[in-house]
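Peer 1: Sequence:
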Amino acid sequence: MSKKQYSKEFLALCHSVTAKRPKTVITHILEYGQITTEELKSLYGYNHPPRAACDVKEHGIPIERVTVTGSDGRKIAAYRFGIPTNLKVRRFHGRTGLSKQIKESLIVKYGCRCFIYLEEMPEAKLQIDHRVPFEVAGESETMSPDEFMLLCGSANRAKSWSCEHCENWTKLKKREVCLSCYWAYPENHSHVAMQQLRRVDLLWQGEETKEYERLKADAAEAGLAIPDFVKDVLRKALEGGS
Numbered sequence: 010m011s012k013k014q015y016s017k018e019f020l021a022l023c024h025s026v027t028a029k030r031p032k033t034v035i036t037h038i039l040e041y042g043q044i045t046t047e048e049l050k051s052l053y054g055y056n057h058p059p060r061a062a063c064d065v066k067e068h069g070i071p072i073e074r075v076t077v078t079g080s081d082g083r084k085i086a087a088y089r090f091g092i093p094t095n096l097k098v099r100r101f102h103g104r105t106g107l108s109k110q111i112k113e114s115l116i117v118k119y120g121c122r123c124f125i126y127l128e129e130m131p132e133a134k135l136q137i138d139h140r141v142p143f144e145v146a147g148e149s150e151t152m153s154p155d156e157f158m159l160l161c162g163s164a165n166r167a168k169s170w171s172c173e174h175c176e177n178w179t180k181l182k183k184r185e186v187c188l189s190c191y192w193a194y195p196e197n198h199s200h201v202a203m204q205q206l207r208r209v210d211l212l213w214q215g216e217e218t219k220e221y222e223r224l225k226a227d228a229a230e231a232g233l234a235i236p237d238f239v240k241d242v243l244r245k246a247l248e249g250g251s
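If you read the sequence shown in the working numbering, its first letter stands for residue 10, the second for the next number, and so on.
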């Protein structure tokens, strides 16, 4: 499908996207009809192509995955626009005032910190993310701040990778599954991307780093990696308490 065959409404939606990664994908597809995983990596430096394609989809632009032949003769994935019907603009990206209001509400309630790593940082370094991925449950009409979380760039990338490899993302699409996941509610979870795991991320910040260095030295003396040493200390504390 050439660029001339897209409706004015669809092109307007494409041109309304300003975020760098989805805009790059959209511009390339408009020009060449599709973009391969090979091109995403070699031309634009995106080492996780599904995330780049998902960014486009989250703006309400249909994307489909097809199989093509790469430069080395192997079969690789490519992305192109799906049938542009029943377009639904993702309101969150297009409403800067609302996103700012949500971010401010979350900071007032929880502090200026990453919800996953609990690291305090400048507001500009925190990104707003859906607790339940847009890909799974879409976006509610209420746009309540409680539906979102603040993440640092590192936590956001980690969450994206884990969610995109979860069966609930790829097949089931059940909101209730996400609600009990670590990546939505790290403080109250029963699984991590449908894996029977429990996870706690600990951070030592400021003066607390002195405690970490002591812990590190004790772990080395015991011949254990720090995570194993921490587990051992907690296990002994629990046994002593019982």
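If you're looking for bench data, these hints aren't it; they were derived computationally from the structure.
Bear in mind that the values here come from a model prediction, so they are computed numbers and not experimental data.
Glycine residues also receive a C-beta, built at the ideal position from the N, C-alpha and C atoms.
Just so you know, not all the hints are guaranteed correct.
To be verified - Pair ranges (Cβ atoms, derived):
#	residue 1	residue 2	range
1	Ile137	Ser171	17 to 27 Å
2	Leu233	Ser108	42 to 52 Å
3	Gly82	Lys109	42 to 52 Å
4	Phe19	His174	25 to 35 Å
5	Arg208	Lys245	12 to 22 Å
6	Tyr41	Gln214	45 to 55 Å
7	Lys245	Ser51	47 to 57 Å
8	Phe19	Leu127	16 to 26 Å
Claimed, not checked - Below, computed lysine to any residue pairings styled on SDA-like, alpha-carbon distance capped at 20 Å:
#	residue 1	residue 2
9	Lys50	Ser169
10	Lys245	Gly232
11	Lys219	Glu129
12	Lys180	Lys29
13	Lys109	Asp138
14	Lys29	Tyr41
15	Lys32	Arg74
16	Lys183	Gly232
17	Lys134	Gln214
18	Lys225	Lys240
19	Lys17	Thr36
Peer 1: A separate judgement is required for each hint: does it hold in the structure or not?
Peer 2: Hints, one by one, checked against the model:
{"no.": "1", "hint": "Ile137 to Ser171: 17 to 27 Å", "in the structure": "holds (18 Å)"}
{"no.": "2", "hint": "Leu233 to Ser108: 42 to 52 Å", "in the structure": "holds (44 Å)"}
{"no.": "3", "hint": "Gly82 to Lys109: 42 to 52 Å", "in the structure": "holds (49 Å)"}
{"no.": "4", "hint": "Phe19 to His174: 25 to 35 Å", "in the structure": "holds (30 Å)"}
{"no.": "5", "hint": "Arg208 to Lys245: 12 to 22 Å", "in the structure": "holds (21 Å)"}
{"no.": "6", "hint": "Tyr41 to Gln214: 45 to 55 Å", "in the structure": "holds (46 Å)"}
{"no.": "7", "hint": "Lys245 to Ser51: 47 to 57 Å", "in the structure": "holds (52 Å)"}
{"no.": "8", "hint": "Phe19 to Leu127: 16 to 26 Å", "in the structure": "violated (42 Å)"}
{"no.": "9", "hint": "Lys50 to Ser169", "in the structure": "holds (18 Å)"}
{"no.": "10", "hint": "Lys245 to Gly232", "in the structure": "holds (17 Å)"}
{"no.": "11", "hint": "Lys219 to Glu129", "in the structure": "holds (18 Å)"}
{"no.": "12", "hint": "Lys180 to Lys29", "in the structure": "violated (28 Å)"}
{"no.": "13", "hint": "Lys109 to Asp138", "in the structure": "holds (12 Å)"}
{"no.": "14", "hint": "Lys29 to Tyr41", "in the structure": "holds (18 Å)"}
{"no.": "15", "hint": "Lys32 to Arg74", "in the structure": "holds (18 Å)"}
{"no.": "16", "hint": "Lys183 to Gly232", "in the structure": "violated (43 Å)"}
{"no.": "17", "hint": "Lys134 to Gln214", "in the structure": "holds (17 Å)"}
{"no.": "18", "hint": "Lys225 to Lys240", "in the structure": "holds (13 Å)"}
{"no.": "19", "hint": "Lys17 to Thr36", "in the structure": "holds (15 Å)"}
Consistency note: the structure conflicts with the earlier hints numbered 8, 12, 16.
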